[in-house]
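Colleague: So the protein lines, in turn, are chains A and B.
Numbers given in this note's numbering equal positions in the first sequence, counted from 1, plus 4.
Numbers given in this note's numbering equal positions in the second sequence, counted from 1, plus 10.
Calculated directly from the structure, the hints in this document are not laboratory data.
We treat Cβ as the ideally placed atom computed from N, Cα and C, and that holds for glycine.
Errors might be hidden in some of the hints.
Stated by the list, open to error - When the alpha-carbon atoms are kept at most 30 Å apart in a straight line, the in silico BS3-like pairs for lysine-lysine are as follows:
1) B/Lys123 with B/Lys112
2) B/Lys179 with A/Lys195
3) A/Lys288 with A/Lys53
4) B/Lys123 with A/Lys359
5) A/Lys23 with A/Lys115
6) A/Lys53 with A/Lys147
7) A/Lys193 with B/Lys179
8) B/Lys100 with B/Lys123
9) B/Lys179 with A/Lys190
10) A/Lys222 with A/Lys120
11) B/Lys179 with A/Lys238
12) A/Lys120 with A/Lys147
13) A/Lys272 with B/Lys179
14) A/Lys120 with A/Lys190
15) B/Lys179 with A/Lys222
16) B/Lys179 with A/Lys233
17) B/Lys130 with A/Lys371
18) A/Lys338 with B/Lys123
19) A/Lys195 with A/Lys53
20) A/Lys222 with A/Lys193
21) A/Lys288 with B/Lys179
22) B/Lys130 with A/Lys359
As the list claims (entries may be wrong) - Derived contacts from chain A toward chain B, CB cut-off under 7 Å, selection only:
23) Phe249
24) Glu308
25) Asn314
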Amino acid sequence: MSNDVITKQPTYYQEIIRKGYSRRDFVRFAGMMAAFIGLENSAIGQVAKALETNPRIPIIWLHFQECTCCSESFIRSSHPIVADILLDKVSLDYTETLMAASGIQAEEALKNTMSKYKGEYILCVEGSVPTAADGVYCMIGGKTSMQILDEAAEGAKAIIAWGSCACNGCVQAAKPNPTSATPIHKLVKGKPVIKVPGCPPIGEVMAGVIVHLLTFGKIPELDRLGRPKAFYSKRVHDTCYRRPFFDAGLFVESFDDENAQKGYCLYKVGCKGPSTYNACGVTKWNGGTSFPIQSGHPCIGCSEENFWDNGRFYERGSAFAGFGIESDADTVGKVALGVTAAALAGHAIYTNINKSRIIDRLTAEGKASEKEMEG
Amino acid sequence: MSTKYLRVHRLRRIYVWELPVRIYHWLNAAAIIALIVTGFWISDPPALMSNQEASNRFLFGWVRYIHFISSYIFFFNFLFRIYWGFAGNKYADWKQFIPTSKRFIREMWTVFKIDILMLKKNGEQQEHISIGHNAMAGFIYFLTFIAFLVQCLTGFGLYAGMSGWWLPKLFSWVPAVFGGDILTRQIHHWTMWFFILFAIVHVYLVFYHDYVEGRGEISSMGGGWKFIEEEVFEENRHHTPNPESSEVVGTA
Ligand code: SF4
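Construct the entire structure; sequences and hints are all you get.
Modeller: Printed below as a string of structure tokens:
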């Protein structure tokens, strides 16, 4: 970041100290972040150095169709510096829910940041963009969210799609998706989009992605679906503390049974942990207090695409598209099996009638030829 | 039924299914049965209670393990069969499965009319005789190969994340195509039903052909031989894709 305008900005460290944190707090924060990103011990210095020397990156944080739970999660991440510094208005040049400015001033701030830091700022998007009816379902300051996204994306260095709304449309994109809610990566072309799915994503994960950008100046390694590998390469199931019960075949059958009290695996009451890529089992939530499975609730797969439409939350079997809510693949399969069996039975009966005719004919033939030979 | 003495067929014994084809067939059948049983178990495990500690049990782990081992057997067996479609005899040839000629499609239609609708001609039940697969069966097997492919892609795609080996990792792009493991898993589960329906119809039709034609359809997958009328054999000789190909023929 050699841009002159940016180097005049204070560094994160200066901001942290100015806010009244001690050097010790700062180092602890750097260590924690390095651990969350999955860096080695030796990289803690690198993180600290980056925060000390790099000027803060301007961030524009846009809110479209969403519930702000991503922001909520972010400001509740376990270290106060995250909320205080990374998300404070110091770092956020524009964000509808947290900035002090409003109305014309706010729009001005957005425009200024976009022109002043063209090509340098990080665009964070929370929420999906409705594309139906020319985008009128989500308008801010007289512009549709589509227009705002297009303008903001143009000069962005990178784009972070926060949460399932921005990554895959979440609940507003669930069938029948009346507003044609569309995830960010389908609308923005030619810019790297980092997907941080989850409803919401874990606060530490969000902070980790930002700190990675600050420390290394480039986007973290992404998987095939565009998610940072450091947090989304393992399934919840692979790091779940109930896994031994799964492997043993000990399952909760219903929520109030004895097995539930014993803490057995929640697979049969619909746990989507085996198909969900997230860090819940390791990082946990609310400063490491717990995560859904630890609290006795199956994972609903909130960080997976289409999780609202991909079957029911409390069952393994899934609704089978086009055959009504109550039917799953196995019901359809059993019906098909019955129809097949009936068809085969009919075929078999008819075959036997034919065969007995053939045998009759052969017998008659045999008798006739016997007569011929005698005669 | 004007006879001047009984009509007597001269049957020729033809070696249709070579040993590799037979081994492939039964390995495939065993693997599919194991995969379906363990697959159902994995999708909805039975409620088996136990007083043992979880650390002393690995029941579900074993069920999954059998599923994964069977899938490897299934996969390599499938690869072998594709190879044998180029290396095997004419009855195993890949052209037996893919409708590439008008004749193939015409034969499919004939089989459909005679064997499935059992239409009669002049009040007589017709017979369609083919030495290897008939065209309809061949085409259905082609569909099963596509189902095999779908199962290998989705199955190994789901497995890729758990494995450190490069082979399953080759499939890690598959769940990404479907937007994640959830839909991939559902496709894997739906496709399994095709196998079940196929197996039932397949076994029925094998019995049917043996039952009405008496040419050794059932035992052919054991010993490899079928019994075909001399005239049919002579006629078929002129229609097969590569009539010169060596075949082991013995007379009954
Ligand atoms: S509770 Fe869910 S994530 Fe945990 S072991 Fe069971 S199925 Fe897997």
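Colleague: Does each hint fit the structure? Answer for all of them.
Modeller: Structure-based check of each hint:
1. Between the alpha carbons of B/Lys123 and B/Lys112 the distance comes to roughly 17 Å, so the proposed pair stays at or under 30 Å and holds.
2. Of the pairs offered as hints, the one joining B/Lys179 and A/Lys195 holds, with about 28 Å between alpha carbons and a cut-off of 30 Å not exceeded.
3. Among the hinted pairs, A/Lys288 with A/Lys53 is consistent with the structure: their alpha-carbon atoms are about 28 Å apart, no more than 30 Å.
4. At most 30 Å may separate the alpha-carbon atoms for a hinted pair to count; B/Lys123 and A/Lys359 meet this at roughly 17 Å.
5. Only pairs whose Cα atoms come within 30 Å are accepted, and A/Lys23 paired with A/Lys115 is accepted, the gap being roughly 27 Å.
6. Between A/Lys53 and A/Lys147 the alpha-carbon distance is near 41 Å, which puts this suggested pair outside the 30 Å criterion.
7. With a C-alpha separation of about 29 Å, the suggested pairing of A/Lys193 with B/Lys179 holds against the 30 Å cut-off.
8. For the proposed pair B/Lys100 and B/Lys123, the alpha carbon gap of about 25 Å is at most 30 Å, so the pair holds.
9. Proximity of B/Lys179 to A/Lys190 is assessed by CA-CA distance (about 27 Å); at most 30 Å being required, the pair is judged to hold.
10. With a C-alpha separation of about 20 Å, the suggested pair A/Lys222 and A/Lys120 falls inside the 30 Å cut-off, and the hint holds.
11. Among the hinted pairs, B/Lys179 with A/Lys238 is consistent with the structure: their alpha-carbon atoms are about 14 Å apart, no more than 30 Å.
12. Using a Cα cut-off of 30 Å, the hinted pair A/Lys120 and A/Lys147 holds, with the two alpha carbons roughly 21 Å apart.
13. Annotation: proposed proximity of A/Lys272 to B/Lys179 holds, straight-line Cα distance about 28 Å (limit 30 Å).
14. For the hint linking A/Lys120 to A/Lys190, the alpha-carbon distance of about 27 Å falls within 30 Å, and the restraint holds.
15. Between B/Lys179 and A/Lys222, the direct Cα distance comes to roughly 27 Å. Compliance with the 30 Å bound is thereby established for this hinted pair.
16. Restraint check for B/Lys179 and A/Lys233: the C-alpha separation of about 15 Å stays at or below 30 Å, so the hint holds.
17. For the proposed pair B/Lys130 and A/Lys371, the alpha carbon gap of about 25 Å is at most 30 Å, so the pair holds.
18. Taking the CA atoms of A/Lys338 and B/Lys123, the gap is about 27 Å. The hint holds against a cut of 30 Å.
19. The suggested pairing of A/Lys195 with A/Lys53 holds, with an alpha-carbon distance near 28 Å, which does not exceed 30 Å.
20. Proximity of A/Lys222 to A/Lys193 is assessed by CA-CA distance (about 18 Å); at most 30 Å being required, the pair is judged to hold.
21. Proposed proximity of A/Lys288 and B/Lys179 is supported: the alpha carbons are some 28 Å apart, at most 30 Å.
22. Our distance criterion of 30 Å between C-alpha atoms is met by B/Lys130 and A/Lys359, whose separation comes to about 13 Å.
23. At a threshold of 7 Å, the smallest CB-CB gap from A/Phe249 to chain B is about 5 Å, leaving the interface hint in force.
24. Here the hint on A/Glu308 is kept, as its CB sits about 5 Å from the closest CB of chain B, short of 7 Å.
25. Annotation: interface hint on A/Asn314 holds; nearest CB of chain B at approximately 4 Å, less than 7 Å.
Violated hint for the displayed structure: number 6, the only one.
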